Structure formats: C-alpha cells, structure tokens
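> So the protein lines, in turn, are chains F and X.
Residue numbers for the first sequence follow our numbering, so the first one is 1 and each next one is one higher.
Residue numbers for the second sequence follow our numbering, so the first one is 1001 and each next one is one higher.
Simulated from the structure, these hints should not be mistaken for laboratory data.
Keep in mind that this is a model prediction, so the values were computed, not measured.
One thing to keep in mind: the hints can contain errors.
To be verified - A short, non-exhaustive set of chain F residues, derived as facing chain X with CB atoms under 10 Å: (1) Asp9; (2) Leu278; (3) Asn295; (4) Leu313; (5) Ala318; (6) Ile364; (7) Leu370; (8) Gly371.
Claimed, not checked - Just the calculated beta-carbon pair ranges, DEER-fashion: (9) Gln1265(X) / Glu324(F): 20 to 26 Å; (10) Gly1015(X) / Thr182(F): 43 to 49 Å; (11) Ala334(F) / Glu1194(X): 45 to 51 Å.
Unchecked claim - Think about it this way: if two alpha-carbon atoms lie no more than 25 Å apart in a straight line, the pair counts; the simulated SDA-like pairs of lysine to any residue are: (12) Lys112(F) / Pro193(F); (13) Lys376(F) / Arg1187(X); (14) Lys374(F) / Ala1199(X); (15) Lys376(F) / Gly1268(X); (16) Lys376(F) / Leu1193(X); (17) Lys374(F) / Leu1264(X); (18) Lys376(F) / Asp1186(X); (19) Lys376(F) / Arg1195(X); (20) Lys374(F) / Gly1268(X); (21) Lys1261(X) / Arg276(F); (22) Lys376(F) / Phe1198(X); (23) Lys1261(X) / Ser316(F); (24) Lys376(F) / Phe1205(X); (25) Lys1261(X) / Gln359(F); (26) Lys1261(X) / Lys1283(X); (27) Lys1283(X) / Arg1146(X); (28) Lys374(F) / Leu1193(X).
Cβ atoms here follow ideal geometry from the backbone N, Cα and C, with glycine treated the same way.
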Amino acid sequence: MDLRLSEADEAFRAELHAWLRAELPRLPSPPTRDDWPARVRYDTDWQRRLFDAGYAGMSWPRAFGGRDASPTEQLIFLEETTRAQAPYVGVNFVGNLHAGPTLIAEGSETQKAEHLPRILRGDEVWCQCFSEPEAGSDLAGLRTRAVRDGDHYVVTGQKIWCSFGQVGEFGELLVRTDPDATKHRGISWLILPMDLPGIDVRPIETLLGSSEFCEVFLDEVRVPVANRVGVENDGWRVTNVTLSFERGTAFVSEMVDARRLADELRPIVVDPAERRELGHVLAALDALWALTQRNVTQAGHGTPGPGALMFKLAYSEARDRLGELTMRVLGRGAFDVHDYRVEERLRTLSIPIAAGTSQIQRNIIGERLLGLPKEKAWT
Amino acid sequence: MNFDLSDDQVALRDGVRRLCEGRFDLPRIRKGFDRSLFAELADAGLFSLRADGFGWPDVAIAFQELGRALVPGPLTWSHLAHGQVDGIVGGLERPAGDGPILVEHPDVIDHLAVLDDDGIIVVAREVLEPLTPLDWPLDPLTPVSRATVVPDGPRIGDADLAAAWRQSGALLTAAYQVGMAQACVDRAGAYALERHQFARPIGSFQAVKHLLADMAVRAEVARAAVDAAACTVEDPTVGDPARAVSSAKVMAGDAARLNAKGSLQVHGGMGFTWDVDVHLYLKRAWVLDTVFGTPDQHADAVVSA
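In isolation and in its complexed conformation, chain X is listed as follows (with noise of 0.2 Å):
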C-alpha cells in the first residue's frame, strides 16, 4: 500500500497546474469556454489521459487541477468520449427528473452524448435545434439553452457502458470538485492574512481561523476519498468501485460547495460582488452537483448497496 503520490504523479500535478496559472488564469477563464481554450486542452492532453496510458488516479490527479482552476466547459464528457466521437462533446443524462432539458455551452460543442439505462446515443449539434437559450445562467460560465426535445442518434454504447460513464463520470466531477474545495481555501486563506480590521489580519480571529480550518479539513477529507475511488475504479481488487465513488462524490460535493460558500463568508462584502471571483466557485459547485449523481442520490446508493 502507498496511498500518496508517486514522483511521476507529483510531475503530472505540477505540470497540470503550471500550464493553467500560465495559459488559464482566472482573466481568462471568466471569458469562457471556446474552441480555442478546448484546443490548449486537447493539445495538453488533458483528454487522451486514458487513451495516453494513465490510469485513474492520474486522471483524477489532472482533473483536481483543472477544478482548482475553475477551467470551464464540458472537460468531463470531452473525456469520456474521447476516442468515440470527435470533436468537442457535450453531455446529457435522461432522466435527469421532470425538470427542463438542458444543454450545456451549446455554442461551443458538436455533439451531444446523451446517457440512459439502456445506453449512450450521439446527437449532432445541428440537430438539436430549436433551442432557447436561457438570458441569466446561474453558473456564467456554464451558459444552457433549453431544448423541448432530444432528437435519436447513433448509439455509441449500450447499457454497461453507460453505467461505466456514470461512474467514471462521477469520480472526474469528484476530483474537480475537490480542485475547487481547495482553491477555495487557499484564495480565502490569503485574504484572511491580506485584510485587516481592528489594526490586525482577519484570519487573527479564531471565528474567522475556525472556519478556514473546517474549509481545509473538508478538502483534505474529500482528496482522500477521491484519490482512493480512483485507486478503486483502477484496481477493483481493493474495494468496490460503485461505493467508493459514490462517497467520494459526496465528499467532494460537500467540500466544493460548503467551502465556496466559506469563501463568500471570509471575504465579506467582496464576496457578494461580481468582480471578486468567489461566487463562480460557488455557482460551478451548484452546477457540478447535479451531474453524475446528486450528493443525496450518492449517499441513498452508498446506503442501499
């Protein structure tokens, strides 16, 4: 057993995150997603991951990164399909409840992988007209349009794989979400020493220390349970895959939001603006909690199995 990271993983981590404090600051990221920025990512290799050779506790190692950094866009999907369909891919789980179809970067993608219990279709972009796209997203940088109908398609896989991309799916929410849980705390942290009332830094006050420490301890917490469902999805001889990416999306969800919502609180007034970059962070953890599973949705699996 060495549950840390190897040397390479370590290089692989560090690499991820040079290339987005160089290419994706948050400048950047705030025009959102567009086909030059999937280019840099796809260029990177951020896509091919599996294809390239690396195993799962890699993928969640990048994907950790790419979250830290907020990078915007359908990375998850464009993932999974890499290899079965080309271009950029868009994603899509029915049934998603009895709420309103809805499409994510619908400018920007080329297909739509549409996931069911009996399978995965591809629907091209063209097809899915017509689509109303909505005025004031809640996540900015996730714009959505809204579909009154999903067109068929080709089907890419049947119901195992499907089941395989929801749980693949999942753990690279999961690692993303946890990248953000930790940004959270780090851009937090630095405010707390960087603002001064009362003639000292903030982050002096054990009321404003505590709730940092709870932010750091949820992102940790959450980095265990993800690196470990990665250690488990790769080698189904140490556990079982299902339970521990189910915890791990409860963890991480739990961490990304609560700790974005720390964030807000630390930053006080500035955290309720949008020029200051807290509430994307919290608007991306609303959205990413619906996808692949629902934090409620994983724990009813965790307890059930």
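Extracted from the complex, chain F is given alone in its bound form (with noise of 0.2 Å):
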C-alpha cells in the first residue's frame, strides 16, 4: 500500500502539465452562460484540441481510438486539467462519458463506425433521455412507448432532465417496447437522432436561472430499428454496462474544485467557530481524496470495493457543509450570485438528487454492501 506515482505516471503528468501550459492561452474567451451555439463551438473546439494532442477518450480502448489509460493516469489527466482551469467535458459529457462507452459495449459496428470517431474529434453532441416525469427513482418505470411499424419504433412520450437536450444531434433514449413484461425486463436503448419529426425539445429554468436541462417531447416519432443498441427488450442491461467503465474517478474534478473553494476560505474566514467547521470541511475532503485513491486503485485492478458505491453520498454530504459553510462565511456578501462562490453554492444543490438520490444510495448500500433486504414494495 503506498501513494507514490510511478516514474511514468510522473512521466504523464509532466507531459500533460507541459502541453496544457502551452494550449490553455490558445483558447478563445469562454462564452457566456446562456449562449448555447457559443458554448458548443468552445466545448467541441477543446475537445478537437485534446484529440489533436492524443488526450480525447482517456478510457477508451485504442480500438476505437482512445487512450485505453490506466485508472491512475486517468486520474492525473482530471486533476491536472480541473487545477490548471482548462475547460470542463461540457457538451461532450454524454457521448464521451456516457453514449460513447455504451456504444463500444454494444453498439454494432455500423453503429460504432458512425459515432465513435466523430464523439472523440468533438463533431458530434450527444444528450440523455432517460427519465421520465414519473421514472425518476423508480427510473425502470419508465413508460415511453416505442411500437414497431415495419423497420421503425414509433415512439411517443415525454423524457425530462435531458442533459444538453437543446443541443444535442444525438440522444440516448429508453423506451418501452414490451409493455407486458415485468419493468426491467420490456426496455430498449435507441440512438435518436435529435432532428427528427415530432421531437420538441423545452429548456428547464433550474434554480439558478439557467437551463442545463430540458424536457423532450416524442410525439409518433420514427426512430429506425438499426438505431437500437442491442438486442430488443435488453435496454436495461445495456444501460448499466456503461456503469463498468466507471474508474472511481466520476468525481476527481468535482473533489478538485472542491479543495480549491475549501482553500480560498481559509484567508477570509476569521470567526474561531467557522475556521474549526472549515478545518472539519477540509479533513471530509482529504479522507474523500484518499477514498478516490483507493477506488481508483481498485478498479484497476478489476475488483471494486465498497468505497465505489459509497463516493457520491459521503461527497455530496461534504460538499453541503462547504457550501452552507460558504454562506455562513460571505453572509450579506453572498447576495450577488455573480460571485462564482455563491453559483457554486446553488449549483451543488442538486449533487445529492442527480444520478440516483442520496436516499437512493443509502438503500443501495444498505441492501448490496450491508446485506439488508429490500423494504416491501407497494402493489
């Protein structure tokens, strides 16, 4: 058991430290909040930057040209990019992190072929459509019908938090295309191509003012049946696939940020009270630095541990007390969200209900860690 990096993880991050000091001043100035088309040319245009350099799909098989990086470099490569503030994943986030990896699992090879290099190039702007008004938690719910009419589904129903649904070429969808099996067993995973009749696509005003999120609205929408991703009926499974190609390191960059907003509190913060809850603030993120350590490790090495299913609840219950601690700490002075302190503060409101809520966790931990059994369902 140690910490110590390889010389050629060393060796990585060197090069990397290297190359970003040389793009970063390239870049174009970032594009403001609300300007969609402005932020999907930056976003794509440094995904184009990081394929140019041989950093575009960091875990991706090179197969399908990715990097096929270890967990630990893959580690460095988040760390290094969030401390020296280059742009986030952004608009590339689904098909990088999400459709992309579903795809080299079970997409065919048509389906590969199409996609895969232009994900990686950034050419293509991938958007989810997973949930559902009424399959949120419960997401096998879901209820969107897709029925075959020759070599199409016809797909009608309504999808809700579709991550860059206004932007997005592409979408994951699921639908239901056996209504009369038990819930997990009746999904299929379609490729939607966003343009197609019947789709209306409404942004999602969340709470700070912005819309990160949309509602898609399928109304006798034609989607091919060579757009399924495996077999008919087998969606769930396909979804949960991509869950394998989660290193342990989901949240490095969040943990990055994190560290830095606990840090420029410490000049400001003078009250003996709030400098003590800060230090407690501070010991949560070390111990959840360490715990990222050891669920990288593990992954690595094929066998993760109880700490990969337990990072996203102890971090989203950190990153709270940094945030309430922020409010405390600026008082009157956080009435201006301008201050990106406060942004962050709203923005982090939302970690513990995304990608399965915290409650959620807890019962996930309680019924496949603890052994616990399942609490009697409702007929």
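Quick one: dock chain against chain with the hints and give me the complex.
Given below as structure tokens:
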C-alpha cells in the first residue's frame, strides 16, 4: 500500500502539464452561460484540441481511437486539467462518458463506425433522454412507448432532465418495447437523431436561472430499428453496462474544485467556530481524496470495493457542508450570485439528487453492501 | 500508486483478526486489561511491529484490528515506548487542559511516559502515589486514578521526539477508532437482520437501513483517511504527514463516536443495557477522542496548517 506515483505516471503528469501550459493561453475567450451555440463551439473546440494532442477518450480502448489509459492516468488527467482550470468536458459529456462507452460495449459495427470517431473529435454532441416525469428514482418504471412498424419504432412519450437536450444531435433514448414484461425486461436502448419530426425540446429553468436540462416531448417519432443498441427488450442491461466503465474517477474534477474553494476560504474565515468547521470540511475532503485513490486503485485491479458505491453519498454531504459554510462566511456578501462561490453553492444543491438521490444511494449501500432486505414493495 | 492492501498486509490483517477472535473475545475483553493480556499481545509482536521491520501502514492495519475487537489497555503508549522503556507503559499528555491529572490503567502499568512540549520523561509507577481511583469511570474498561502531582523522572526524549510521539500516537489511535467504527457497523448490521418487528427484519426498514448505510460510509471514508495518513508518515514525499494525521484523527474520531451511537440506536432498548456491549464502544470512543488531540484540535490544526 503506497501513494507514490510510478515514474511513468510522473512522466505523464509532466507531459500533460507542459501541454496545458502551452495550449490554454491559445483558447478563445469562454462563452457566456446562456449562449448555447457559442458553448457548443467552445466545448467541441476543446474536445478537438484534446483529440489532436492524443488526450481524447482517455478511458476508451485504442481500437476505437482512445488512449486506453490506466485508471491512475485518468485520475492524473482530470486532476491536472481541473487544477489548470482547463475547460470542462461540457457538452461533450454524454458522448464521451456515457453514449460512447455504451456503443463500444454494445453497439453494432455500423453504429460504432458512424459515431465513435465523431464523438472523439468533437464533431458530434449527444444528450441523454432517460428520466421521465413519472420515472425518476424508479427509472425502470419508464413509460415512453416504442411500437414496431416495419423498419421503424414509433415512439411516443415524454422525457425530462435531458442534459444538453437543446444542443444534442443524438440522444440516448430508453423506451418501453414490451409493455407486458416486468418493468426491467421490456426496455430498449435507441439512438435518437434529435432532428426527427415529432420531437419538441423545451429547456427547464433551474434554480440557477440557467437551462442545463430540457424536457423532450416525443410524438409518434419514427426511429429506425437499425438505431437500436443491443437486443430488443435488453435495454436495461445495456444501460448498466456503461457503469462498468467507471474507474472511480467520476468525481475527481468535483473534488479538485471543492478543495480549491475550501482553500480559498481559509484566509478570509476569521470567526473561530467557522474556522473550526472549515477544518472539519478540509479533513472530510482529504479523506474523500484518499477514498478516490483507493477506488481508482481497486478499479485498476478489476476489483471495485465498497468505496465505489459509497463515494457519491459521502461527497454530497461534504460538499453541502462546504456550501453552507460558504454562505455563513460570506453573509450578506452572498447576495450577488455573480460571485462564483455563491453560484457553486447553488449548483451543488443538485449533487445529492442527480444520478441517484442520497436516499437511493443509502438503499443501495444497505442492500448490496450490508445485505439488508429490500423494503416491501407497494403493489 | 497502489492504495490497496498488499497480499502481506491482507495476511497481517487476517492474522491479527484471528488472534483477536480466538483469544480476545468480548467476555475476555470485559475482564479488562491485565498482565496476561499484555503478555499475549507482546508475544504476538503487536508492540514491536516497528522494531520488527513493519511500516506505519502495517502498524495501522494491526491497530484497526485491535480496535475492532475493542482490546483494552495502553496499547498505543506501549507501542510508542517499545525498546526505550521496559514493561507495561502508560502515558499522559501535558498540558492536558485545566482538568484533573488522570492516569489510565494505574494498577497494571510499570511506567508512565509523560509527554510535554519540552520532551518525554518516564515516571516509575511506584513513585506516582498517592493515586485516588475513580470508582465509577466513564469507560469501565479504562480504569483511571486521579493524581495530585506528576513527579519528575528521567528524560528519554526531546521536543522533537515528543512531537513524533504525538503524531504517531494520533495515527495509531485513529486506526484503532476506525476498527471500532467498523465493528459497530458489523454488529448493528447483524442485529438489524436478526431482530424482527412488524413481522420483518428491522434492517428492511429504510429508516434503519439508512442509519446503517451512513455508518458504513463513515467507517470506509475514515479508513481511507487513516491508511493515507499512514502512507504519508511512512513516505513524507507523498504529502504532509501532520495534515494527513490530523485529518485522519478527525474522521476516525467522528466515525467511532457516531457509529457507536448509531449502533446503540439500532439496538434499541437493548443498546441501553450494561450487558449488551454497545455502550463499551461509545464510552471508549469518548475516551479516545481526548487523547493525542481532540477532533476539534485537529480540525484547527488542519485549517491553520
């Protein structure tokens, strides 16, 4: 057990560091928050730069143009890029980290050839159409129907919380293809071209006043059967395959940012009680960084440990504590949301909710790790 | 970077765990710390791990297991003093606030190591008199006596050694606390499966399940902090040992205390009884929070570093 980086890892860090120092000053100025066309240009331009330098698809296999980097290298990549305040993955998120890996694992040769190179080069933006108004935590209860009609599925329903829905060219779409099967068994995974007739995308204004998410209404949208990924009615498994690509690095950028915010509070917190609370928060962030290192190590060995299922819950709580402390320290100085620390407090309210609420996380930990029985279902 | 237990470390962990399960079960633990317990631990090499070539991560792994079994005694002090002071060594930190001078395990120790900002002195047990035993100590497995004065004794280390002992002491105490925190998860989890109400195991209720999930997360996060601190003390090129140890003591202290309380809650009325072992974990957690720096003191150190 040790925390030393190998010489190869140190060399990778140095090389990446040098590249970032040279490349970041060449970037155009960042777009404003609500200028979506400019955001797409900026984020995909960054993706193209990563691609040209050999840093695109860090976790992807070489056969699909990726770098096939070890989990430790992926950790270093995220740590260094975030520290250098390089652009975030932004609109490339769904394609690079979700749809792409799903296609690699389950897509047909045609689907892979058509999409993977374009995703890696920043030529194609994806969005996610999973959740529904009546299927949030109970995602498998989704109702959007897909009825076979020759070579097409005719899709009708409503999706919500579609990240980057207003700019995605393709959506990862979960539909119900067998209404009679048990809920996990009748789902299929489709590639949805977002320009098909019958699709209506409406942005949702979040409590930040911005629109990172959309509602997507589908009215008899004809999706080619050739766009199905995997076997019909096997979509739940296809969806979960993506999770096996996770290498314990999902929250590295978040962690680097959280530690930066906490360190920035240090010189301005004078009240002894608030200083002590900051000490507790810093200790929690130190511990979570150590847990990240453990999760990355175990993922690299192919034996994920309990920490993989625990990280999000623990991070949610530490980040909330940091956010609340920020508000206490800033006081009436927090009235102006242009202060990015305040904006971060607002943004991070989504962490205990998105991608499995803290309550769902606790159920998973209790049932999968502690072996406790499920609560009786309502029928 | 390989932040996981090596095969040797897994073997060490399992070996100490087997030793504890075989010889130091709770009926034995409840009899308290005595000379035979010390001798068995010493024979197993638990006080000489450093001298025998083990690294700090290994020692931390062993102490997690001792904490899991709630083995009583001045284990950390005896490990710190190994090779420098003979016999069973207890310890005292000075200044320790305005409170009374309390000597732990006064009837078993041979020497008392006294740590202050100038260094470490050693006082023989027999010159500690007069001692007044507390007849109702907070932790029944940590007997204490009140001393009126701490006599002088030979100096065995300077301020640097005292600082090193404080850091190692905090690390090993934190390791022990992580073991306690995990034991609380395991025991309360087992009880939640076994105890039925409303015709089903209480662990099936989300209200109970979520309490247990929080406990499991606390133990796992604190373990990562303790292991990272041990690796950093072992190899200071990977970080700041003082910061890492302070963070570990904060997280492990919270984990031991809050998990013991969580376990008490899961056990319901039984958790409030003397016969069920849960209270022993909570009382030890409170005791250990006061040694080698409280969580608040370490939090202050982290923010000021």
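> Would you mind marking each hint as holding or not holding in the structure?
Now for the hints, and whether the structure bears them out:
Look at Asp9(F): its Cβ gets to within about 7 Å of chain X, closer than 10 Å, so that hint holds up. With a cut of 10 Å, the hint placing Leu278(F) at the interface with chain X holds, because the nearest CB-to-CB distance is about 5 Å. Below 10 Å, beta-carbon pairs count as interface contacts, and Asn295(F) has one with chain X at about 9 Å; its hint therefore holds. For Leu313(F), the shortest C-beta to C-beta distance to chain X is roughly 6 Å, which falls under 10 Å, so the interface hint holds.
Using the Cβ-Cβ criterion of 10 Å, the hint placing Ala318(F) at the interface with chain X is satisfied: the shortest such distance is roughly 9 Å. Taking 10 Å as the C-beta contact cut-off toward chain X, the hint placing Ile364(F) at the interface holds, the least distance being around 8 Å. Among the interface hints, the one on Leu370(F) holds; its C-beta lies about 5 Å from the nearest C-beta in chain X, closer than the 10 Å criterion. Annotation: interface hint on Gly371(F) holds; nearest CB of chain X at approximately 7 Å, less than 10 Å.
Checked against the hint of 20 to 26 Å, the C-beta distance between Gln1265(X) and Glu324(F) comes to roughly 25 Å, which is consistent with it. Roughly 47 Å separates the CB atoms of Gly1015(X) and Thr182(F), a value that falls within the hinted 43 to 49 Å. A beta carbon spacing of about 49 Å between Ala334(F) and Glu1194(X) agrees with the range 45 to 51 Å that was offered as a hint. As the CA atoms of Lys112(F) and Pro193(F) are separated by approximately 15 Å, the hinted pair is consistent with the 25 Å bound.
Simply put, Lys376(F) and Arg1187(X) have alpha-carbon atoms about 24 Å apart, close enough for the 25 Å limit, and the pair holds. Distance check on the hinted pair: Lys374(F) and Ala1199(X) sit about 14 Å apart at the alpha-carbon level, within 25 Å; holds. For the proposed pair Lys376(F) and Gly1268(X), the alpha carbon gap of about 22 Å is at most 25 Å, so the pair holds. Restraint check for Lys376(F) and Leu1193(X): satisfied, since their Cα atoms lie roughly 15 Å apart, inside the 25 Å limit.
Simply put, Lys374(F) and Leu1264(X) have alpha-carbon atoms about 22 Å apart, close enough for the 25 Å limit, and the pair holds. Restraint check: the Cα-Cα separation between Lys376(F) and Asp1186(X) comes to about 23 Å, which is no more than 25 Å; the hinted pair holds. As the CA atoms of Lys376(F) and Arg1195(X) are separated by approximately 17 Å, the hinted pair is consistent with the 25 Å bound. A C-alpha spacing of about 21 Å is found between Lys374(F) and Gly1268(X), which places the hinted pair at or below 25 Å, so the restraint holds.
A hinted pair counts as satisfied when its Cα atoms are at most 25 Å apart, and Lys1261(X) with Arg276(F) qualifies at roughly 23 Å. With a CA separation close to 12 Å, the supplied pair Lys376(F) and Phe1198(X) stays within the 25 Å bound. With a C-alpha separation of about 22 Å, the suggested pairing of Lys1261(X) with Ser316(F) holds against the 25 Å cut-off. This hinted pair checks out: Lys376(F) and Phe1205(X) have alpha carbons roughly 9 Å apart, not beyond 25 Å.
Straight-line distance between C-alpha atoms of Lys1261(X) and Gln359(F) comes to about 21 Å, which keeps the hinted pair within the 25 Å bound. For the proposed pair Lys1261(X) and Lys1283(X), the alpha carbon gap of about 10 Å is at most 25 Å, so the pair holds. Pair hint Lys1283(X) plus Arg1146(X) holds up; C-alpha atoms about 19 Å apart against a cutoff of 25 Å. Of the pairs offered as hints, the one joining Lys374(F) and Leu1193(X) holds, with about 11 Å between alpha carbons and a cut-off of 25 Å not exceeded.
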